[in-house]
Amino acid sequence: MVKQLAIRNLKRSIQDYRIYLFTFTFSITIVYLFQSLVNQQTSIALSQNQLGLMNTILRALEGVNIFVVIAFSALLAGANGFLLKRRQQEFAIYYALGMKQHQVAQLLALETFGTGVIALILGIILGVAISQIMILMTAQLFQTTVINYQFLFSWIAILKTSVYFLIIIIGIFLLNYWQLKRYRITSLLKNKQKTYELKRVLQQRLVLEWSGATLLILSGYFFLQSTWFSKYFFVSIIVSLCMILTCIWLNITSVKLVFQLLIRSKYHYLKQLRFVTIRTSWQQINEHLWSIVGMSLLIVSAWSILTLSFSYRHTSEAVIQTIAPYDATIVFHSYESDKVASPVDLLLEKGVDVKALGDITMTNIYTTETTLNDLLAEYNMANASLYTFFDHGAPSFLRVITYDDYVNIAQLLGIEPIRTRGHEVLFLTNMDDMLPVFEDYLQTHETIDIDGQRYGIREDGYIKLGIENEDFSRQMLIAVVPEREAKWPQYTTVLNVMYDQKKSMQAEQLLDEMYQTLINFDEKQNQYDTQYGSFSVLTKQHVSEQVIGETALVVYIGMYSSIIILLACATLLSLHQLTFVIERKSEYQTLLDIGSSKKQMYQQLKKQMIVYFIVPVLLAFPQVLAILWLMVKLALEIEAGSTMISLAVSTGIIILIIGGYCIVSIQSGWRMFMKQK
Amino acid sequence: MPIIACNNICKSFPMGKERVDILKGISLSVEAGEFVAIIGESGSGKSTFLNVLSGIMPTDKGEMVIAGEHLEVMDENQLALFRRQYLGFIFQSYNLLTQLSALENVELPLIFAGVPKQKRREQAKRMLEKVGLADRMDHLPSELSGGQQQRVAIARALVNNPQVILADEPTGNLDSKTSIEILELLKQLNSEEGTTFVVVTHSHVVYDYADRLIEMKDGLLVTEGKTKE
Amino acid sequence: MSEILQVKQLEKYYGKNGVLTKALDDVTFSVERGEFVSIMGPSGSGKTTLLNCIATFDRMSAGDILIEGASLANMSASQAETFRRDQLGFVFQEFQLLTTLTAFENIALALTIQGVKEPNVTKRIMTIAERLDIVGILDKFPSQLSGGQKQRVAAARALVTNPVLILADEPTGALDSKSANQLLETLKYTHEQDQTAILLVTHDALAASYSDRVIFIKDGQFFNELYRGKENRNEFFQRIMEILIVLGGQNG
Chain F
8 MVKQLAIRNL KRSIQDYRIY LFTFTFSITI VYLFQSLVNQ QTSIALSQNQ
58 LGLMNTILRA LEGVNIFVVI AFSALLAGAN GFLLKRRQQE FAIYYALGMK
108 QHQVAQLLAL ETFGTGVIAL ILGIILGVAI SQIMILMTAQ LFQTTVINYQ
158 FLFSWIAILK TSVYFLIIII GIFLLNYWQL KRYRITSLLK NKQKTYELKR
208 VLQQRLVLEW SGATLLILSG YFFLQSTWFS KYFFVSIIVS LCMILTCIWL
258 NITSVKLVFQ LLIRSKYHYL KQLRFVTIRT SWQQINEHLW SIVGMSLLIV
308 SAWSILTLSF SYRHTSEAVI QTIAPYDATI VFHSYESDKV ASPVDLLLEK
358 GVDVKALGDI TMTNIYTTET TLNDLLAEYN MANASLYTFF DHGAPSFLRV
408 ITYDDYVNIA QLLGIEPIRT RGHEVLFLTN MDDMLPVFED YLQTHETIDI
458 DGQRYGIRED GYIKLGIENE DFSRQMLIAV VPEREAKWPQ YTTVLNVMYD
508 QKKSMQAEQL LDEMYQTLIN FDEKQNQYDT QYGSFSVLTK QHVSEQVIGE
558 TALVVYIGMY SSIIILLACA TLLSLHQLTF VIERKSEYQT LLDIGSSKKQ
608 MYQQLKKQMI VYFIVPVLLA FPQVLAILWL MVKLALEIEA GSTMISLAVS
658 TGIIILIIGG YCIVSIQSGW RMFMKQK
Chain D
1383 MPIIACNNIC KSFPMGKERV DILKGISLSV EAGEFVAIIG ESGSGKSTFL
1433 NVLSGIMPTD KGEMVIAGEH LEVMDENQLA LFRRQYLGFI FQSYNLLTQL
1483 SALENVELPL IFAGVPKQKR REQAKRMLEK VGLADRMDHL PSELSGGQQQ
1533 RVAIARALVN NPQVILADEP TGNLDSKTSI EILELLKQLN SEEGTTFVVV
1583 THSHVVYDYA DRLIEMKDGL LVTEGKTKE
Chain P
451 MSEILQVKQL EKYYGKNGVL TKALDDVTFS VERGEFVSIM GPSGSGKTTL
501 LNCIATFDRM SAGDILIEGA SLANMSASQA ETFRRDQLGF VFQEFQLLTT
551 LTAFENIALA LTIQGVKEPN VTKRIMTIAE RLDIVGILDK FPSQLSGGQK
601 QRVAAARALV TNPVLILADE PTGALDSKSA NQLLETLKYT HEQDQTAILL
651 VTHDALAASY SDRVIFIKDG QFFNELYRGK ENRNEFFQRI MEILIVLGGQ
701 NG
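Chains as they are written, first to last, in our numbering: chain F, 8 to 684; chain D, 1383 to 1611; chain P, 451 to 702.
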């Protein structure tokens, strides 16, 4: 019966291709783990806010899962197709003996589903086990603790994971079946020695290609240097993409060139079994050149994503401090511009005794009619970010506060206020991206015109200081005017609070309640609305949680996707190598027969495998550096210093995964070879 | 009517950028029950001819009629069916499935033909007895010597009672003593069952067993001669 | 010492589960320096086993083998490896060339694993290549060579290390008659030039007729021995055939 044949085949392939099964299982584990995150919510102490974030994360991960399913289908189908190719002869025998097409399909289906089901069961068991530990990691990430531990077991996660992978398994089956139909039976009748068509590439052509690619990249680099993405934004993006493609071309030619050069220098080449390693590696890489290039691209993505997600700087305290320097900010928006009632009193009526919370300042914010565009228009070039900053449809007016208010704020924060001369203004800002533009402006202006009134600009021009807690927008630009009493319309009053040490918990709780109320109500009236205006509140804690949550999101997604990519590449590399060993075993045997020692053989095998694993990684590295450089320049959420550290961490992970697979392959390969003797 | 009738068989292969003619117009007829040996140096095209004979490889030109059926007009499915019903194969490298026992290997063609289990078993056992391996039925190929493996392969080739057996260097991997044993067996089966044998080889030992020797050289049949009785 | 190889009361058993098969039973003979000796016998006679023991591919069960006075029985596995590398040369039936290396590199292998470095490697290869008439194909890969050329490259690999003993196992098995003769002529010639001893295992009387002496083995035991003496090859060939008939007679 075909069934029996399938079972025999399964047993044999599990023996020989453990790595494939291992990857299959492990990928199921990972998918299950991320699916099961839902259950972790109840076991960790999360604030309302963070729960909301968790949900965002989960929804985002769902999206990533789709991508994962696709990626995995490709990987497993590729690996499977690869293994199938090795069994060409076996299937040729079936055909020659008269096996019908539907019987082949049946055999293939049994084998594919058999493997899949085994991997699924093992993977889920492993996933359930690891998810118990995952919860600790999640708690860490959200900087909170585990309460109420219970054994985590999610039926939904199991179901979802199974469905995803059943889809993948079906896909693999179909692909293999289609592939099989294309194979010819002729491989049977003659014990054909695989003829390795060794393409001899002219060295001169290689050198030309390599130089050409390098020149293109260098010119692209200089172009980007000069424009710094401020002019011709989209052109710069396109140039970057072209550079990446050229890098690929460069990689291919570099590899070829290196090998050619190695072969030329006879003195170094003809040592021990070195030339066997070089020729064999060259052979193997050539045979799978496009896979290797593809893999190096995948590694570039994984490496970059991993590094960037680790270095996503919003976790740093400094950032939180910059955007939310105050323990809490309560903002009162008046309906009319005249001050009619004190916000403090209004709050008292609502049950919030602001003064009892700690030290407070009250700052009036006046709105001028001078727009930021007026001021910085000439610096507002065709730079996309600048554009959105300054205009988004509605003009952005310059806001001012009085010098006295500035002093109060400074004292609240415990910093020394800067003195200005009688007619000078001082700017307060928490901008980052636009700072260079603003500095350009300050370089060329000594005075500023605000609504017809001329002021001098204090030397140095600005201080980095926010006058209220903000979330990420960081678009604050305030002018401190020397007048005692400003004449402009005022719609906003900002109350900044620094908690009394002993009462900080209660204070936070009180304001959190207010915050929850405010964000949970829609346009209708809420309990904090007054006839004079409405309130909004933002505490440092809230901002911190947002930031942390966002980081968690980024880190999770980053790690998830990159680890999956790395697993994929490592598996393919292993399978390639193991297949080579099996195909070449008679040649290895010859080496032993003519007098090579087992130790020499092992060394040769080891080196050959290491070369094969290292090449895609080495090819990837310069491109990763390039991408990181680009990202640091473009997106200021990412800073150079922490990126370096993150790079070290992610490199470590890459070495761990790829190195691990390499080591296992070496062991398996050696064992396979020794067993066959 | 001859059981095999080929007419002007031509086959070429691409080698790099050129096409090389391997078979340059072969015409041959074989009577039922004959034991024919096709001999030639390596590169003469004899293996290619065998591929073409069995329908595994299509010809560029020419007719191929086996047991009255025209192979050159059949599609893949029809060819597969034809092979199963009329042909048996013996290869140089035995091509047994290493994960199955001798008995199971012999059963395989019957499984594909849809023969029920009981009958299948019996037929396979009988075949193995005929080739003298009754005591090794449950052994895996790795537990059998070269000669024994080839016997299993022969049993497998015969189990469907084919009319024609095509053999490609059947003694290529065997030492001379075993080669002779195998050839004796083939000859015996040829006379007992009346199966037609077409054996491609470069071994001189086969000559003595063949009714007819056909030499192939550079893609053409050169000589045909009856060997001594 | 003129004896390069001494086989003394060699015995080799295979066995499992209490059932022992005696592959070699008390085989004794020796080979002089520069002698060309063939070993013939029907399949199962043990001749390949004998070769494997001498080649250190297999361990003997009893007895001893001495090559240039060195006792194989007393060697450890790694000593045997070193010994094989430095003292022996091999020619196999299936050539056993590495398909990813050029002919030159295949020959170089034998030298580099001994630690020989450039420019000695190239020098020695060119010398042997001229002798075997393969200079023109050194840059080619095995897939581009004919059977005869491949076997000559294999022979070059065996010879380039100046081994004291060459072991050849059915070297003409996969060749057509023309290439086979060419190879045997080459082996004969180099053996005469360098006084390399050759031990040829074959079932082909024609190949054996090139040697100086033929030893017949049957059922793991020494059966007969023929010296060529002053005969020409054809006459020797006839005599060999006669013995073979007797040898094979009892088994049909």
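No lab work stands behind these hints: they were computed from the structure. Wrong hints could be hidden among the right ones.
So, partial list: chain D residues that the calculated Cβ filter (under 10 angstroms) puts toward chain F [to be verified]: (1) ALA1387; (2) CYS1392; (3) SER1436; (4) VAL1447; (5) HIS1452; (6) ALA1462; (7) LEU1469; (8) ASN1477; (9) LEU1479; (10) THR1480; (11) PHE1494; (12) VAL1587; (13) TYR1589; (14) LYS1599; (15) ASP1600; (16) LEU1603.
Glycine residues also receive a C-beta, built at the ideal position from the N, C-alpha and C atoms.
Hint by hint, which ones does the structure fall short of? Violated hints (numbers, rising): 1, 2, 4, 5, 12, 13, 14, 15, 16; every other hint is consistent with the structure.
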